[in-house]
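Enquirer: Using the sequences and the hints given, assemble the complete structure.
Line by line, the protein sequences give chains A and B.
Each residue of the first sequence is one higher than the one before, counting from 1 in this note's numbering.
Each residue of the second sequence is one higher than the one before, counting from 1001 in this note's numbering.
Note that these hints are calculated values from the structure, not bench results.
Hints may be right or wrong, so weigh each one.
Said to hold, decoys possible - Distance windows between CB atoms, simulated:
(1) B/1094 <-> A/3: 39 to 47 Å
(2) B/1227 <-> A/3: 49 to 57 Å
(3) A/179 <-> B/1119: 42 to 50 Å
(4) A/8 <-> B/1227: 46 to 54 Å
(5) A/129 <-> B/1027: 46 to 54 Å
(6) B/1176 <-> A/132: 24 to 32 Å
(7) B/1176 <-> A/26: 41 to 49 Å
(8) A/115 <-> B/1252: 38 to 46 Å
(9) B/1129 <-> A/15: 58 to 66 Å
Glycine included, C-beta positions come from ideal geometry on N, C-alpha and C.
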Amino acid sequence: MIEVSGLSKSYGELNALSNVTFTVQKGQIVGFLGANGAGKSTTMDILCGCIGADSGTANIAGFDITDSPLEAKKRLGYLPDVAPLHLDMLVGDYIAYAAELRKIERSTIKARVDATIEKLTLGDVRNRVIGNLSKGFRQRVGLAQALVHDPEVLILDEPTEGLDPTQISEIRKLIRSLAGQHTILLSSHILSEVQNTCDKIIIINKGKIVTQGTYAELASSMESGHIYRLKVARNGLSALTTLGRLGLQNIKAAENAILGSSEDIEFEVNTATGDQILDDVAKAVIDGGFGLRGLTLKTKSLEDVFLQLTK
Amino acid sequence: MGGIFAIGRRDFKAYFSSPRAPAIFWFFLLFMGFFFNNFVHMFMQMTTQAPMMGGQAPTLEQLLKALFNNVHFIFLLIVPAVTMTSFSEEKHSKSFRLLQTAPCTALEIVLGKFIASVGVMALVLAASFVYPLFTILNGNPDKVMILSSYIGLFLLMSSQLAFGLWVSSMTSNQFLAFLFTMFGLFLLLILNWMAPNLGGGGITETILKYMASSDHLDSFFKGTISVGHATYFIVFTGMFLFFTNVTLDSQRWR
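Expert: Structure representation (structure tokens):
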């Protein structure tokens, strides 16, 4: 549905994008993850035809954005990082104006506007001036603008930026509910956001795509081994030395544990070694009389993956 | 092409849903009223004095011509105020993205903005009719002259707006858009006074004089509608609308 290949763009000396290639399948929600200035907005601006690329092609729903921009744009809804709102307009008028610009058939405009307002629960503010709305509502009006023509492809640039936690969860729920009907490309620099909402994740750093895949794929590809968390009843410090003899990697006191008092230990097991080692760990703890209280697998968060990749 | 009217309608309404249009009308009518009042007083004075001095009494057409020349002058301030919002404001507030991502051609956007600003300024021009109306009610001015003057002013206004749109499309700074538009229009107004100094006679002077707006307008103020002078304004308008279109298109590739 979205096909991007070999996209490059430079602003003078600065290489904003180099050879960016990815595809988004129909109905997927794909997260575009990167730090500020990584090239997310540039990529999205190119995809939406706001700026041109130096080289490479971008294809939206079968139409090249450079060769047939009008056809591509008809099938595209875009919410930029700053919602493109006319603050002096009424919510309803603004959405109708966006519908008109998208060349929806005149007779269906009213029905489309009503449906969009209902979908985004904007009914209460329909006759209010956009400039008087809260940030959360403005963002929803921005989303309405991108959705009013029922586009096949939806591109959202940091849709939850600057919202409060309640609004963030509302917008997220909304985006999730749109999955299936629309193909969605969503950018964010907040990891938990894409982890929770997206089917596939593309990580971009300094204008290059670092890796892409599902969250599970990314997490497992980044793992050289599993991290376990061990809890003992007493003598954490000597437990550490005992474990050291078992050939484990990265043995350390867990963060937020004070050695000698609290007895949390983290260690990493190489996947090649197999789970057999866990039996040995348990045995060593019991034999040493440290008192086994817990042994759990600690899943790597996307944050770990992300930090590792963009180092 | 439906985009033209959608954009035009929205922009036109936007002038009136903000204090912009009211401020423009207020400014325009206040200054025009001030000048008109002065002119009428002067006219009355000269009418009573002229026979005594053995001179010719001034005509109403002369009064109106002075007034219409003033419209030209006040437009130098009003037209930039109208066009500075067209692109610069939208670019500054980032709402221009809505137009950039809509399936509309650059030409549709340019023409949409153009008809909106022409609409606003046409109303301003219509409001100025109270002064000629005053002379019609109290005297017997040449109505053909009034009509041709208004056609001339309308053409002038369209060309000024096209120029303003072009300047506005190049910057996201409203102040710069205002300043450069005003400067450019002022230059066109005084070009025929400056031409002898700049051109030093010959073909350069002729070209410079042709480029000036005031000479072309004068023919309309005399009560004649000449195709040649109308063409100047129409070509001028078309050219700057084309430039605006090119500017918008080229911005995609930066």
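Enquirer: Flag every earlier hint the structure violates by its number, smallest first.
Expert: Those not satisfied are hints 1, 5 and 8.
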